[in-house]
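If you're matching them up, the sequences are chains A and B in order.
Residue numbers in the first sequence follow our numbering, run continuously in steps of one, and reach 366 at the last position.
Residue numbers in the second sequence follow our numbering, run continuously in steps of one, and reach 366 at the last position.
The reader is advised that the hints may include incorrect statements.
DSSO-like cross-link-like pairs, simulated, lysine-lysine; straight-line CA separation at most 30 Å [said to hold, decoys possible]:
#	chain 1	residue 1	chain 2	residue 2
1	B	Lys25	A	Lys274
2	A	Lys314	A	Lys352
3	B	Lys274	A	Lys352
4	A	Lys273	B	Lys67
5	B	Lys274	A	Lys67
6	B	Lys274	B	Lys47
Some but not every residue of chain A turned toward chain B, in silico, with C-beta under 7 Å [as the list claims (entries may be wrong)]:
#	residue
7	His99
8	Gln137
9	Gly246
10	Ser247
Just so you know, the hints here were simulated from the structure itself, not pulled from any lab data.
Source: prediction; values computed, not measured.
The C-beta atom is built at its ideal place from N, Cα and C for all residues, glycine as well.
Protein chains: 2
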Amino acid sequence: MAGIVPSRRVRGTPFLALVEAAGAKAFTVYNRMLLASYYESYEADYKHLKEHVQIWDVAVQRQISIKGPDALRLMRQISPRDMDRMAEDQCYYMPVCDHNGGMLNDPVAIKIAEDHYWLSIADGDLLQWVLGLAVGQGFDVEIDEPDVSPLAVQGPKADELMARVFGDIVRDIKFFRYKQLPFMDTKFVIARSGWSKQGGFEIYVEGGHYGLPLGNILLERGRDLNVRIGCPNLIERIEGGLLSYGSDIRRDNSPVEAGLSRFCNSPAEYIGKKEIERQKLNGPNRQIRPLEIDGADDLPHNESGWDLTAGSRKVGLIASSAWSPDFETNVAIGMVDKSHWHPGTRLEVHNKHGICGATVRESFWI
Amino acid sequence: MAGIVPSRRVRGTPFLALVEAAGAKAFTVYNRMLLASYYESYEADYKHLKEHVQIWDVAVQRQISIKGPDALRLMRQISPRDMDRMAEDQCYYMPVCDHNGGMLNDPVAIKIAEDHYWLSIADGDLLQWVLGLAVGQGFDVEIDEPDVSPLAVQGPKADELMARVFGDIVRDIKFFRYKQLPFMDTKFVIARSGWSKQGGFEIYVEGGHYGLPLGNILLERGRDLNVRIGCPNLIERIEGGLLSYGSDIRRDNSPVEAGLSRFCNSPAEYIGKKEIERQKLNGPNRQIRPLEIDGADDLPHNESGWDLTAGSRKVGLIASSAWSPDFETNVAIGMVDKSHWHPGTRLEVHNKHGICGATVRESFWI
Numbered sequence: 001m002a003g004i005v006p007s008r009r010v011r012g013t014p015f016l017a018l019v020e021a022a023g024a025k026a027f028t029v030y031n032r033m034l035l036a037s038y039y040e041s042y043e044a045d046y047k048h049l050k051e052h053v054q055i056w057d058v059a060v061q062r063q064i065s066i067k068g069p070d071a072l073r074l075m076r077q078i079s080p081r082d083m084d085r086m087a088e089d090q091c092y093y094m095p096v097c098d099h100n101g102g103m104l105n106d107p108v109a110i111k112i113a114e115d116h117y118w119l120s121i122a123d124g125d126l127l128q129w130v131l132g133l134a135v136g137q138g139f140d141v142e143i144d145e146p147d148v149s150p151l152a153v154q155g156p157k158a159d160e161l162m163a164r165v166f167g168d169i170v171r172d173i174k175f176f177r178y179k180q181l182p183f184m185d186t187k188f189v190i191a192r193s194g195w196s197k198q199g200g201f202e203i204y205v206e207g208g209h210y211g212l213p214l215g216n217i218l219l220e221r222g223r224d225l226n227v228r229i230g231c232p233n234l235i236e237r238i239e240g241g242l243l244s245y246g247s248d249i250r251r252d253n254s255p256v257e258a259g260l261s262r263f264c265n266s267p268a269e270y271i272g273k274k275e276i277e278r279q280k281l282n283g284p285n286r287q288i289r290p291l292e293i294d295g296a297d298d299l300p301h302n303e304s305g306w307d308l309t310a311g312s313r314k315v316g317l318i319a320s321s322a323w324s325p326d327f328e329t330n331v332a333i334g335m336v337d338k339s340h341w342h343p344g345t346r347l348e349v350h351n352k353h354g355i356c357g358a359t360v361r362e363s364f365w366i
Numbered sequence: 001m002a003g004i005v006p007s008r009r010v011r012g013t014p015f016l017a018l019v020e021a022a023g024a025k026a027f028t029v030y031n032r033m034l035l036a037s038y039y040e041s042y043e044a045d046y047k048h049l050k051e052h053v054q055i056w057d058v059a060v061q062r063q064i065s066i067k068g069p070d071a072l073r074l075m076r077q078i079s080p081r082d083m084d085r086m087a088e089d090q091c092y093y094m095p096v097c098d099h100n101g102g103m104l105n106d107p108v109a110i111k112i113a114e115d116h117y118w119l120s121i122a123d124g125d126l127l128q129w130v131l132g133l134a135v136g137q138g139f140d141v142e143i144d145e146p147d148v149s150p151l152a153v154q155g156p157k158a159d160e161l162m163a164r165v166f167g168d169i170v171r172d173i174k175f176f177r178y179k180q181l182p183f184m185d186t187k188f189v190i191a192r193s194g195w196s197k198q199g200g201f202e203i204y205v206e207g208g209h210y211g212l213p214l215g216n217i218l219l220e221r222g223r224d225l226n227v228r229i230g231c232p233n234l235i236e237r238i239e240g241g242l243l244s245y246g247s248d249i250r251r252d253n254s255p256v257e258a259g260l261s262r263f264c265n266s267p268a269e270y271i272g273k274k275e276i277e278r279q280k281l282n283g284p285n286r287q288i289r290p291l292e293i294d295g296a297d298d299l300p301h302n303e304s305g306w307d308l309t310a311g312s313r314k315v316g317l318i319a320s321s322a323w324s325p326d327f328e329t330n331v332a333i334g335m336v337d338k339s340h341w342h343p344g345t346r347l348e349v350h351n352k353h354g355i356c357g358a359t360v361r362e363s364f365w366i
């Protein structure tokens, strides 16, 4: 595992002291920030996440603020989802695509006000896409990256922990909705969302100096809940079919290939619509599929994607894979050609240990 | 130093086997790729670079290809340099700015043909800016990231080594000009450029599979020149005043603040021109300056920028600093307010070891 040299360019987060104190053992770099990959181990973190509650430094999910008279007009252009039906407290997971339907990012859009949206982004400078569109067309909007750093509270005990800090009102927050709730001398957007299937919240911490006080009070109030500092977990997110932009899906994939057609329903002439509608009608030529890889807990770490073949023919790629202790199998996410994507199809996986078998599944595990 | 977990998202380069075999001891992540920070040590690498010749994996300098009937029209919009005076074999270092003159990147533009340019980018998805402008205005251009990975050959013996592999014709390549020269069954754009002041070339390796054969032949032919695999060197680039986008300069800086006014001479109505021209006329409020920090070779690594103060007043920030063995001082690059930027001004530097003195210099060291 290569060591990484910190610099002003590869930034820390407002929660870094908590992450270091909790003993993160490995990191990735995401939006030019350090993001922990695991603490005790992928498996120990996973078991804990499914049973208790974790606090995740997901400040790497940077916000793009789009504000001004033309904010909605710009959102209608970039969003395959119907912006005009977005409630005032709603969050939209959405693929953002180029003119050919190629995915540029898959942010969560948050409606702050009628003329103000945040995009909580995956890895990539989506700000530059939005800015280019706005400047190129002379739109009247301000686009910048505010000092907002999400902290996620995830796991079955998340409601209880959040209620202890923000009050029982958090229990009323619906899925992908938010409330603005007070903390110290400020208030935070708090949404029921997060990159796990265990339930929980994302707190959009506006003002980096609130990061440590908030983290510390969550740790303190959650002691008897066995709260821990954690991070998005590779195994759990594969089981749940949560896609990683840059790994599972890229600009050479459409949202239809990514299995995200249900989020492409806007009546507006959004960018990429023509190709997306064509693929929705005719079906894509390849698509994201869950796969089970043969063997025990002895596969190498998936460093750069593994080819999927059917005999001598390449029919796909697995970008994410891990041993699942709960399902006692190797869970994986692959992009598989139409010819071989039917559930039950047997394929070969090529990794640095050699070749092994895999089976296309009907659905993800959780 | 945190360990980094590889994934498909944080990519390797076509030269990774060479980098690993040469024993890179630390990395950074740049454009979602691993970039070595040093091999033996910053100082040993530095001494070698100034005396011999090094081969650098700078595949992280991804190319944005802009091709089509509207390519020049788009380049005129994004470039503060006069695109109409660019020779057919020329490379332009250029700041690329938003509508307020804020720097979005500082690529090297390469004119491949009248209707085809590459932008060899610093860290950041400048592709999305260019794509947003093009799509927003309906320009007839294709914008993508081709399979091109630069390999730099840097150091005083670079001409000799390159001549042994590509022929004496490389000696005729002028500064920031290129020739297309044959290699195996293909040809590469080879420019006299690179992120050091020791002279040398950048080979734009088109086709990842040529990476290892090229690296190996350079190593083989350069054995008696004491060639080594290396990487951009922190000390040497600070001595030479080579700026790191994301560390020394960011979107909240104009090219005038970055000391790059001489590259802002386009007669066209490029994006950001109004503010840049205003700052060129009136002078900026702060600007990049070389600084010498007091003390011996005992400063901590500069992890996130150090505040510069004059008494109780913050007057700047040092994002890059290192001990220079040749100049026997701590060399640094800072952004300093106009009130305190004059050569000889004494300031205080705040780092995790405490406070020490620094002096603003007239010019960089080399």
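Tested hints:
1. B:Lys25 <-> A:Lys274: Violated - the C-alpha atoms of A:Lys274 and B:Lys25 are around 48 Å apart, more than 30 Å.
2. A:Lys314 <-> A:Lys352: Judged against 30 Å, a Cα distance of about 17 Å means the pair holds.
3. B:Lys274 <-> A:Lys352: violated (55 Å)
4. A:Lys273 <-> B:Lys67: holds (23 Å)
5. B:Lys274 <-> A:Lys67: holds (23 Å)
6. B:Lys274 <-> B:Lys47: violated (44 Å)
7. His99: holds (5 Å)
8. Gln137: holds (5 Å)
9. Gly246: holds (3 Å)
10. Ser247: holds (4 Å)
Of the numbered hints listed earlier, those contradicted by the structure are 1, 3, 6.
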